[in-house]
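Visitor: Spelled out from the first residue to the last, the chains are:
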Amino acid sequence: MTDLPPPSKKKLGLVIDLDTCVGCHACAVSCKEWNAGGFAAPLTDEQPYGKEPSGVWFNRVHSYEVAATEGCASSATPQPAMTLHFPRSCLHCETPACVTVCPTGASYKRAEDGIVLVDEDKCIGCKLCSWACPYGAREYSEVEGVMKKCTLCVDRIYNENLAESERQPACVQACPTRARHFGDLGDPDSKVSRLVAERGGVDLLPQLGYQPVNKYLPPRPRRTGEATAAPPQDETLDTAALPPMLRWLDRVLSR
Amino acid sequence: MHPAFSVIAFTTLSGAGYGLLLWAAGLILLPALQGRTPANAATVLLWALLLVLGLVLTTVGLFSSMLHLGKPGRAWRAFSQWRTSWLSREGVFAVATALAVLAMLALIGAMIVGALPPAWWSAMPILAAIMLLLSLCTIASTAMIYASLKPIPAWRHPLVLPGYFVFAILTGWLVLMALVNWSALSDEALGVIVLVTFALAIVAALLKLVYWHRIDRQPLGATRGDAVGLPGRDVDVFERPNTQANYINREMGYVLARKHARPLRAIALLLFAAVPMIAAWLAWANPELAGPVFTLGALLGLAGTLVERWLFFAQARHLVTLYY
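Chains as they are written, first to last, in this note's numbering: chain Z, 1 to 255; chain H, 1 to 324.
Chain Z extracted, bound-state conformation (with noise of 0.2 Å):
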């Protein structure tokens, strides 16, 4: 059914630290490779090869730049300008309108966790649901007529056949910069909890009320001002220290 479930006491989700993400793309190609044969398979390229390659695609990495500032709503100091990159993928709401607007019972929010999945052999592709969602993580695969999105690799995550260090999403494994990482948000005392308490992580768009799991961690402060390097000292000299014989050059060669 497409009612929501209560707010389920764990609420699984991602932590990504856009000041340690350098915009390689890691996540996005794992995502695709795991994903390619995971819960949501087929990940389907409409156009894999040729002028204009075109597919779905579960993660996506932005990259902007972000002018200098005297001070804003996000940061009170002056900040330089910065390049920001900035992955984005289903962010698992508390209250998604992706799952409501469903006319079919595909997609659904799950109690026990909080993820937001799609039933493949229900969904009738109507698109609504994209339509729905503000922060794009729906794409629509024109290959099997449905919606596809995200599945926090719920395939991974209680995978008992893998290591239990590689029961993680596949985005969260590849990352090279440890930018991306998992846990239960729901519970105040987890990693992922404590990290956003402490690096002060956001919501995107809060305004709209859909209540994103997922939390992004913004970049540091940097410094900011003109470059502060000492100016040049002048060296001194003690020529009482040197050896008679470079006293003397130094003598002749200052006259």
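Simulated from the structure, these hints should not be mistaken for laboratory data.
Keep in mind that a hint or two might mislead.
[What the hints assert, rightly or not] Listed next, the in silico DSS-like pairs over lysine-lysine satisfying Cα-Cα at most 27 Å (straight line):
#1 K191(Z) - K51(Z)
#2 K150(H) - K122(Z)
#3 K150(H) - K259(H)
#4 K71(H) - K32(Z)
#5 K191(Z) - K10(Z)
#6 K71(H) - K122(Z)
#7 K32(Z) - K51(Z)
#8 K150(H) - K71(H)
#9 K122(Z) - K32(Z)
Using the hints, position chain H against chain Z.
Guide: Here is chain H on its own, set in the frame of chain Z:
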């Protein structure tokens, strides 16, 4: 938003169909409220004609909307989630309306062949009232599918819901006029027709003008900074995640209409408001031409509604475009 032709054709045709059913319900209820029984066989045949045409238009519209589905064979599942989904509610109300129309047609058929005693005519206004209510609910559900989507501010506008009602009533009226004006009408009736046509066309035109004026000045409600979690910062796109357009770009980012908005709006206004008024005025001046003139007026009016619906989609900006 990408204007899928199947969806635009669906909302235009089914809007006209439900509008026609509203007018049919009015025509059936009016004599009943005045305490009269149906005057003659011609009236009853007109009812049947309107009901059949309303059923055809709404059904064609619904089937057209199914073309937009990836898996049309599973469309029956869409009746299940009426508790949360306006799309599902629309489906349920559409089927209920169709059943009410079929019941009325069955009753008319049974009365014509004399299978039921004349007292059964009293069931007709009751069925008409039910159909009226269900048609209104269907139109409202269609509008709410759009009006309930928070990421599209132009569709959240309070004039969207009344807009769907006004256009259903206007286009339904135009179809009705295309039918009834082929028989010679009294000057008095023609006068009422001209007045109603003018009133509906002016209301629709004003509503659309105000709506367009408002959405042009309506802020998107969020900035790219909000979208990436840095509110207040000035953020520009440096590199997109994909070299070629993806589903999100194709479905949600559609800029053609915003570029050509002014001429298209003028065309829409001309076709759905000016043309019907000209048609009514021509019919008033030359009553013998009323049939062809109103038929042409209805066709052009529907074409204008199609343009208006196209603009409704193509001009609406989705918040996800902030990321691109």
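Visitor: It remains to establish, for every hint, whether it holds in the given structure.
Guide: Hints, verified against the model:
1. K191(Z) - K51(Z): violated, 44 Å
2. K150(H) - K122(Z): Given that 27 Å is the threshold and the Cα spacing comes to 25 Å, the pair holds.
3. K150(H) - K259(H): Within the cut-off at roughly 24 Å; holds.
4. K71(H) - K32(Z): Given that 27 Å is the threshold and the Cα spacing comes to 24 Å, the pair holds.
5. K191(Z) - K10(Z): Between K191(Z) and K10(Z) the Cα gap is close to 14 Å, so the pair holds against 27 Å.
6. K71(H) - K122(Z): With a Cα-Cα distance of about 9 Å, the restraint between K71(H) and K122(Z) holds, given a limit of 27 Å.
7. K32(Z) - K51(Z): Status holds; Cα separation ~20 Å.
8. K150(H) - K71(H): holds, 26 Å
9. K122(Z) - K32(Z): Holds, at roughly 23 Å.
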